[in-house]
Amino acid sequence: MEFFRSINKRILALAAMVLLVFFCVVPAGASSGGEGEDVVVKDIVLEHINDSYEWHIGKFWGKHVAIPLPVILYTKEKGLVCFSSSHLHGGHQYNGFAIAQEGDYAGKVVEILPCGSQIRPLDFSITKTVAGLLVNSAIVVLMILGAARYYRRNGKVDSQAPKGWAGLVEMLVESLVDGVIKPCVGPRYRKFAPYLLTAFTFIFVNNIMGIIPIFPAGTNITGNIAATLVLAVATFLVTNLYGTKHYWKEVLWPDVPLWLKAPLPIMPAIEIIGLFTKPFALMIRLFANIMAGHSVILILTCIVFVTVKMGAAVNASMSAVSIFLGIFMNCLELLVAFLQAYVFTMLSSVFIGMAQEGGEHH
Amino acid sequence: MGLLQPESGLLFWMCLAFGVVLFLLCKFGFPIILRSIEERKEYIDSSLEEAGKARQETMHLKEQGRQVMEEAQAQRWKILEDTRAEQEKVAGEMRQKAQQEAAAIIENARAEAQAQKEAILRQANEHIVTLAVAVAQKMLRQQLQDTKAQAELAGRILKEMDDKQN
Numbered sequence: 000m001e002f003f004r005s006i007n008k009r010i011l012a013l014a015a016m017v018l019l020v021f022f023c024v025v026p027a028g029a030s031s032g033g034e035g036e037d038v039v040v041k042d043i044v045l046e047h048i049n050d051s052y053e054w055h056i057g058k059f060w061g062k063h064v065a066i067p068l069p070v071i072l073y074t075k076e077k078g079l080v081c082f083s084s085s086h087l088h089g090g091h092q093y094n095g096f097a098i099a100q101e102g103d104y105a106g107k108v109v110e111i112l113p114c115g116s117q118i119r120p121l122d123f124s125i126t127k128t129v130a131g132l133l134v135n136s137a138i139v140v141l142m143i144l145g146a147a148r149y150y151r152r153n154g155k156v157d158s159q160a161p162k163g164w165a166g167l168v169e170m171l172v173e174s175l176v177d178g179v180i181k182p183c184v185g186p187r188y189r190k191f192a193p194y195l196l197t198a199f200t201f202i203f204v205n206n207i208m209g210i211i212p213i214f215p216a217g218t219n220i221t222g223n224i225a226a227t228l229v230l231a232v233a234t235f236l237v238t239n240l241y242g243t244k245h246y247w248k249e250v251l252w253p254d255v256p257l258w259l260k261a262p263l264p265i266m267p268a269i270e271i272i273g274l275f276t277k278p279f280a281l282m283i284r285l286f287a288n289i290m291a292g293h294s295v296i297l298i299l300t301c302i303v304f305v306t307v308k309m310g311a312a313v314n315a316s317m318s319a320v321s322i323f324l325g326i327f328m329n330c331l332e333l334l335v336a337f338l339q340a341y342v343f344t345m346l347s348s349v350f351i352g353m354a355q356e357g358g359e360h361h
Numbered sequence: 000m001g002l003l004q005p006e007s008g009l010l011f012w013m014c015l016a017f018g019v020v021l022f023l024l025c026k027f028g029f030p031i032i033l034r035s036i037e038e039r040k041e042y043i044d045s046s047l048e049e050a051g052k053a054r055q056e057t058m059h060l061k062e063q064g065r066q067v068m069e070e071a072q073a074q075r076w077k078i079l080e081d082t083r084a085e086q087e088k089v090a091g092e093m094r095q096k097a098q099q100e101a102a103a104i105i106e107n108a109r110a111e112a113q114a115q116k117e118a119i120l121r122q123a124n125e126h127i128v129t130l131a132v133a134v135a136q137k138m139l140r141q142q143l144q145d146t147k148a149q150a151e152l153a154g155r156i157l158k159e160m161d162d163k164q165n
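These protein sequence lines are chains Y and E, in that order.
Numbering-wise, numbering that gives the first Met the number 0 puts 161 at position 162 of the first sequence, and it's gapless, one number per residue.
Numbering-wise, numbering that gives the first Met the number 0 puts 22 at position 23 of the second sequence, and it's gapless, one number per residue.
Think of the hints as simulated: they come from the structure by calculation, not from any bench.
One or more hints might be untrue.
Counterexamples of contact, computed for chain Y against chain E with all Cβ distances above 10 Å [claimed, not checked]:
no.: 1; residue: D122
no.: 2; residue: F123
no.: 3; residue: A146
no.: 4; residue: K162
no.: 5; residue: V172
no.: 6; residue: R187
no.: 7; residue: V229
no.: 8; residue: L230
Straight-line distance between alpha carbons at most 30 Å, and here's what the computed BS3-like set of lysine-lysine pairs gives [to be verified]:
no.: 9; chain 1: E; residue 1: K147; chain 2: E; residue 2: K137
no.: 10; chain 1: Y; residue 1: K155; chain 2: E; residue 2: K40
no.: 11; chain 1: E; residue 1: K96; chain 2: E; residue 2: K137
no.: 12; chain 1: E; residue 1: K163; chain 2: Y; residue 2: K190
no.: 13; chain 1: Y; residue 1: K190; chain 2: E; residue 2: K137
Small disclaimer: the values here were computed from a predicted structure and weren't measured.
All C-beta atoms in this analysis are idealised placements derived from N, C-alpha and C, irrespective of residue type, glycine included.
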């Protein structure tokens, strides 16, 4: 009986949500349907995934609200140039710079030469992604240093186990160290645990912040190839700089029949390619997972706007579908956010562990 | 393929941001947390070990106490047994002694009785001797009167003596 009652409650809740969606969407659809704007899903999705020079927060009472961000450029003639991106808003030119509307550099700041051609200067602008990255980095640092402060203050061994925030961080750290880092890296895990934990926290926070759509969050960082490239390079460096003699011997002179390594170094070549494919896989995996997740959520959200022209009934029902799928995808992305951070940490641990093999004999 | 092309500016900022985060967390963040967790783990382990040891010690002490109790019990039984044996021995000795004493007393009494008897007999003998002397005196007094009369007299005297003795 209890079971059926709870089921009934759930069905009621679902029905209520559907009705709510109908009531909300129908007037909106009726009002905006007449404008006749074509919704290009691809552009919307790419606009959200790609970088921009201002941080668009939303449209309130018909006005776009965006935070202008500093544009920092370096050119040979003008040197270091720094100005607010609000000067470039709406395709304006400023100091010979403008945001290219089309071509190879579409959406990027270019220098327009007197002859009319465009060249791309070195661009160190604080773009939306960079700003989000800085915000998220600050959050990561505050999170962990906040927890570390507890330990610095209650440094005694026989003091109570931490509660609250430090307890949460400790739970996370302990489960990662005991469940991933210790078994994957091996006996010298202590040296690499800080890097691996930093990578995990950094990726996890950026993933989560990418899902949250409200202002200080909502930037797509781990779904950006530059970010995952840096992370993968970091793992590559840690793996190979701390590799043991045994590991390098396995790479350059592996334990295979002689004809496989001399005169043609077939196996060493494969091993050396393997050195680079491992971090490359890390980079692509994280980037593709997060980027795809964001795209799917955006596309599902776009259903609401795409179906506006198909009439109120279709629009309302499809909006309901969109919202349900959107909720589902958000839950899935929440899982993916953790999972990808976890997978990155685990694979980094495995790579580092492989480079530490045989080290205890030396 | 704009998505797959890493932007140089973003690369720069990402390197900077991740580098700073990595430095801060590896310097001030995680090592302290990891060390604290490790230390606490060791502390808990050692505490558990100590508790186990203490428990064992307690068990040991309890066992020892039990043994002491058992020994005391055994000793008590032994003492009781010993006492009883001693008592019995003493009683037996006493009885023996009493018997011996009684025997000695009886012996003494018997000896005394014998001695008295002998003394009586000696007295009687003395008496007899005296009587015999007296008889002999009397006989000697009527000496040579008559042999027949002597015999008669002797018989009479003896008869008298007999009567007297009886």
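To see whether the hints hold, each was checked on the structure:
1. D122: violated (4 Å)
2. F123: Given a closest Cβ separation of 5 Å, the condition is violated.
3. A146: For A146 of chain Y, whose nearest Cβ neighbour in chain E is about 6 Å away, the distance does not exceed 10 Å, so it is violated.
4. K162: Holds, because the least Cβ-Cβ distance between K162 of chain Y and chain E comes to about 14 Å, which exceeds 10 Å.
5. V172: violated (6 Å)
6. R187: holds (14 Å)
7. V229: violated (4 Å)
8. L230: violated (7 Å)
9. E:K147 - E:K137: Roughly 15 Å separates the two Cα atoms, so the pair holds.
10. Y:K155 - E:K40: Cα-Cα ~13 Å, so holds.
11. E:K96 - E:K137: violated (59 Å)
12. E:K163 - Y:K190: With a Cα-Cα distance of about 144 Å, the restraint between K163 of chain E and K190 of chain Y is violated, given a limit of 30 Å.
13. Y:K190 - E:K137: violated (155 Å)
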